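Chain residues, written in single-letter form:
2 protein chains.
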Amino acid sequence: MTYSIKAVADKTGLSIYTLRFYDKQGLLPFVSRNAAGYRVFTDGDLHLLHTICCLKDTGMKIADIRQYIAYVMQGPTTIPQRQHLLSTHRQAILDQQAKIMQNLQEVDFKLNLYRQPNAQALVTAELAVAQAEKRANGLPNPFEK
Amino acid sequence: MTYSIKAVADKTGLSIYTLRFYDKQGLLPFVSRNAAGYRVFTDGDLHLLHTICCLKDTGMKIADIRQYIAYVMQGPTTIPQRQHLLSTHRQAILDQQAKIMQNLQEVDFKLNLYRQPNAQALVTAELAVAQAEKRANGLPNPFEK
DNA sequence: ACTTGCCCTAGAGTATTGTCGAGGGTTTAT
DNA sequence: ATAAACCCTCGACAATACTCTAGGGCAAGT
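Read top to bottom, the protein sequences are chains V and X.
Counting with full-length UniProt numbering, you get residues 1 to 145 for the letters of the first sequence.
Counting with full-length UniProt numbering, you get residues 1 to 145 for the letters of the second sequence.
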C-alpha cells in the first residue's frame, strides 16, 4: 500500500503545504519519489511521520526533529544518540508542564477572586490602591476612560 | 517605590527590549512616564506585569493578553469578561497538557524500546521491513549512507 | 564641561513555522 | 485529445515574538 501526498494530508490532518515544508526542512528523507518525481509514502513512512508529529506536538523544534530523523536514517548504531535526544526532550516537556501548572495556579487564583460575591468591591479596591500609588509618586493616572 | 525599565528587566528576567516591545503591543498601558518620557514602574505595575508573564508563560497570545489588560483598565465592570477570558484560557491549557501527555507516552514507548537489551536487533528488523516495503513497491531505497 | 550610563522612538532585522501563487508537468476519465 | 484533478519546485508572503541599530535626549559623577 502506498499513499499520495494528498492521501497523507487527509490521513494526518497536516496540510499538503506543511508536508512539503517538512520535506524541505529535511524531516522526510525517507519518502521515495516515483518516476514522475511525485512523493510516494509507504505505511512505514506513515509510522515515522506519526513519530514526527508526536515530537512536534510535544513542542520539539524542527531542527531537533531533523536530527532525530537523521539518526534513524543512519541505522541502529545511533541508538544511544536517539535515546539521549528523546530523554532530554522528555525532561524538557516535564519541566515545562510543571512550570505551566505553577503559572496556572496563579490564573486560578485570579479566577477565584473574580468569582467571589464581593469581587466588584475587591477589584475596585485594588484599582484604588494602584491609582493612589501613582499619585503618591507624582505620576499621571493611566486609568482613565 | 518606583522602578526604571532596567530595574524591572533585572527583577523579571525579561529584556529591556521585550518590555518596550510589550508596551508597544499595548500590554503596559498602566505604566506611567516621568517628565522626561521615561517609563516609571510602581509596585502595582510589577504585580500586573507578573500576571502578564503568567499568561504568557502558559501560552497565551499577546493579542489575548492585550484584551485582558484592556478589561483591567476599564475597571470592575469587566469582571465577567475577564472571567470568561481566563476560564477559556484555563481550559485551553488543560486540553493542551492532556494532548502533550498522550504524545509523551509514545515518546516513552520509543525510549523504552531503545533501552531494551535487544534494541539493536529490533531497530535493525524495523529498518529491514521499511526497506523491503520500498522494494516491494518498486521505489528507490532512501536508507543509504 | 565631559564622560558614562541610563532613557527614548522608529524602524529594520531575525527566527520559526507555515501558507500560498505562479508556472509547469502527469494521470485519469470521458 | 482534452478537461479535471493531481503532482512538482521555487520563491514570495505572513504571523508571532522578539532583538537590535541609529539617532538623539537626560542625569550623575569628576
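Any given hint might turn out to be false.
The list treats identical chains as one, so a pair stands whether inside a single copy or across any two.
Once the Cα atoms are required to be at most 25 Å apart in a straight line, the calculated DSS-like pairs of lysine-lysine come out as [said to hold, decoys possible]: (1) LYS11 x LYS110; (2) LYS6 x LYS110; (3) LYS11 x LYS24; (4) LYS56 x LYS6; (5) LYS56 x LYS110; (6) LYS110 x LYS61.
Since the hints were made in silico from the structure, they are not lab data.
All values derive from a computational prediction rather than experimental measurement.
Query raised in the report: Is it within a copy, between copies, both, or neither that the alpha carbon of LYS11 lies no farther than 25 Å from that of LYS24?
Result: within (20 Å within a copy, 42 Å between copies)
Query raised in the report: Taking 25 Å as the upper bound on the Cα-Cα distance, should LYS6 and LYS110 be classified as within, between, both, or neither?
Result: neither (46 Å within a copy, 28 Å between copies)
**Report entry** Alpha-carbon proximity between LYS110 and LYS61, which holds within one copy, between copies, both or neither at 25 Å
**Finding:** Between copies only: 18 Å across chains, 32 Å inside a chain, cut-off 25 Å.
Report task. Please work out whether the CA atoms of LYS56 and LYS6 approach to 25 Å or closer within one copy, between two copies, in both situations, or in neither? Result -> within (20 Å within a copy, 36 Å between copies)
Query raised in the report: When no copy is specified for LYS11 and LYS110, does a C-alpha distance of 25 Å or less occur within a copy, between copies, both, or neither?
Result: Answer is between: at 22 Å across copies they meet the 25 Å cutoff, but 41 Å inside does not.
Report task. If the cutoff is 25 Å on CA atoms, where do LYS56 and LYS110 land: within, between, both or neither? Let me know, please. Result -> Classified as between; 15 Å across copies, 32 Å inside a copy.
Of the hints listed earlier, the one the structure fails to meet is number 2.
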